[in-house]
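K.L.:
Start from the sequences and build out the full structure, keeping to the hints where you can.
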Amino acid sequence: MVKPHSVSECRDEDDSALNREEDGLGGLPDMLPPTLTGASHNLDMGPEFQLQLFLVNLSPPSPSTVDTTIKKIENILHPPCKTGCGYKVVEMNHILQAWIEMMAMQSRLFKAGDCSNWTAATLQVAAAAGKGEWLVRQIREWCHAFIKNEKNLPTHSYGKFNSSVLEDEDLAQEIHLHLQGKGKFVIRKNGFQIQELDNGF
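Taking numbering that gives the first Met the number 0, the leading residue of the sequence shown gets 0, the next gets one more, and so forth.
Don't read these hints as lab results, they were simulated from the structure. Treat the hints with caution; some may be incorrect.
Below, simulated BS3-like cross-link-like pairs (lysine-lysine); rule was C-alpha separation at most 30 angstroms, straight line [to be verified]:
| no. | residue 1 | residue 2 |
| --- | --- | --- |
| 1 | K110 | K147 |
| 2 | K70 | K110 |
| 3 | K71 | K81 |
| 4 | K87 | K147 |
| 5 | K70 | K87 |
Quick caveat: nothing in here was measured; it's all calculated off a predicted structure.
P.N.:
This is the structure we're talking about:
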């Protein structure tokens, strides 16, 4: 049986790989690459060790991958018409569209810099948006996820909790039935009594 390396031994062996730009990526992703999941179920590896292994496998994309990524993002933002002339208008959430445009900008800046500095390109995009480390980390994570599978687009919960409670059909129905029970000439003070609210809702 092969004895697993300690964290310090892994640091020494993989020092060159760990000094890549992705060292400041952030927290350990929810799902590790398949190459790690098979090995990790038998070994007692802490989060720090797993993060180091993940970062070794998470290198900046190749120039050809960046070109393909830019084309795919352009097709999402500006899908061509079937006639081959012009583009279709995309009905997309504004926040999602802004995030995808940031991914495209990051990829273009990375390519313009001869694909030499992935992090610097991300920092420029975040600085242009007036944001900080959170956005830097998010853009890199979004880009890596999109490169892995083009269906992996960013998601957000903005506006999810701003809907009216009256959009809840069950609650609206209960209120409607309550008001019908009050009779034809309901006045404001007879609408709801505190006890009725406590008992009925």
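K.L.:
Hint by hint, say whether it matches the structure.
P.N.:
Going down the list of hints, with the structure as the test:
Between the alpha carbons of K110 and K147 the distance comes to roughly 18 angstroms, so the proposed pair stays at or under 30 angstroms and holds. Straight-line distance between C-alpha atoms of K70 and K110 comes to about 13 angstroms, which keeps the hinted pair within the 30 angstroms bound. Proposed proximity of K71 and K81 is supported: the alpha carbons are some 17 angstroms apart, at most 30 angstroms. A threshold of 30 angstroms between alpha carbons decides the hint, and for K87 with K147 the separation of about 26 angstroms falls inside it, so the pair holds.
Restraint check for K70 and K87: the C-alpha separation of about 16 angstroms stays at or below 30 angstroms, so the hint holds.
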